[in-house]
Amino acid sequence: MKNHVSLTVNGRRVAAEIEPRLSLADFLREHLHLTATHLGCEHGVCGACTVLADGKPIRACIALAVSLDDAEIRTLEGLQGDPLMEALKDAFHEKHGLQCGFCTPGMLVSAWDLLRRRRDLDERTVRVAMSGNLCRCTGYQGIVRSIMAAAAHAGSAKGPA
Amino acid sequence: MKPAPFAYVRPKSLGEAVALLVQSGARALAGGQSLVPMLNLRLAPVERLVDLGGLAELRGVRDSSGSILYGAMTAHAVFEDGEVPDASNGLMPFVAGQFAFRAVRNRGTIGGAIALADPAADWLTTAVALEARLHLIGVAGRRLVGAEEFVLGPYVTALGEGELIEAVEVPKRAASERWGHARVAMKIGDYAESMAIALMDRKAGRGRLVLGAADGAPILFPEIAARALSGAASDELRLAVRRALLAADRGFTPAKLAMHTTTLLRALAQAAAA
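Note that the protein sequences, when read in sequence, are chains B and A. Here our numbering is used: the first residue of the first sequence is 45, the next is one more, and so on. Here our numbering is used: the first residue of the second sequence is 68, the next is one more, and so on.
In short, the hints are calculated from the structure, not lab data. Treat the hints with care, since some could be wrong.
Below are the DSS-like pairs computed for lysine-lysine, each with C-alpha atoms no more than 30 angstroms apart in a straight line [said to hold, decoys possible]: (1) A:323 / A:69; (2) B:202 / A:254; (3) B:46 / B:100; (4) A:254 / B:139.
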């Protein structure tokens, strides 16, 4: 039982015959060898597999690849060179936003979306917005610091009252 | 690949979708934010998924004089961001930002959440509170069911064989109405352990109080809403709430009783203070 799917991944047209039970995450990793998208829980809880579909973050582990026919997917690889993503990566480097790095791709994609959507970020808002991305090393302090630093850089942080 | 094998079809019209859904072993796929995890865990036996994602008919919004009709496939984030007109004095956009995570809210839909009827689903309680009407469509045609009558129990609804929700119609709430919302969860984004919505319209003398995540269909407490509206003292309300929860006969544990009492009283207090 295979279905046809045709979509855009990081600007490249991709067409494939796939089983409908194949998740977008497995499609990206195993068929396209785009391994920045990580799989943690595989049921939509940990956020490690967060990618952009038509510009919006989704969980690639609970999206069927076949249901994304015609969609435009961007993974962390596809955001390389994007000024906001580069600012985030620099901030994660400088402010200790990662230890083992497993959750980092999902953290970066979620934070990238948050910084583009919101212009009034304070620490509480960042913590609430990032609650769907789990990290088992950092205790989140470094991650929140990194995102706040990138927000200040990008003009998304709340100014002094 | 985690799910067991299934067939997949993406109908191009609503008529085609209902014809496919009436066949045995078929199940509708909306945003998939509950169904796909259930497939991954092999908890939901499905022979054929009927993906509603290609149906433009399920995405529109119609603003009429007395109510707003939201297509069933309207994503939570669309409400959260105020991209659709609001019938609820801000309650629906607020609720839409309270559950799960942005990546889930981008894909999950109001119709899918209500059709699944997870007792802890926030839209279910909200739809009952707002007296929403569900527009259902099946091979036999269309019908209207009130949200209150739609939910029969945990994961059990009035949906017949092959039927699906086409739209959620929310009557425009009076501008003089105030709402209160209280929710308890283990962590941000988790399913609610308890949630309550109070709607108080002093001018019209109308009140509505609903409890969700109540191990079954949302529970309405009209007598308590009326008492709160008439300005009952907080001690009296607390006692009345506890008695009403026991009378609901859901077998709540003492911890759940305390939690539900708290969310109901918080929702009432917020609606009264607003």
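Now the hints, each set against the structure:
1. Using a Cα cut-off of 30 angstroms, the hinted pair residue 323 of chain A and residue 69 of chain A is violated, with the two alpha carbons roughly 34 angstroms apart.
2. For the hint linking residue 202 of chain B to residue 254 of chain A, the alpha-carbon distance of about 25 angstroms falls within 30 angstroms, and the restraint holds.
3. At most 30 angstroms may separate the alpha-carbon atoms for a hinted pair to count; residue 46 of chain B and residue 100 of chain B meet this at roughly 27 angstroms.
4. For the given pair, residue 254 of chain A sits about 25 angstroms from residue 139 of chain B by alpha-carbon distance, which is consistent with the 30 angstroms threshold.
Of the hints listed earlier, the one the structure fails to meet is number 1.
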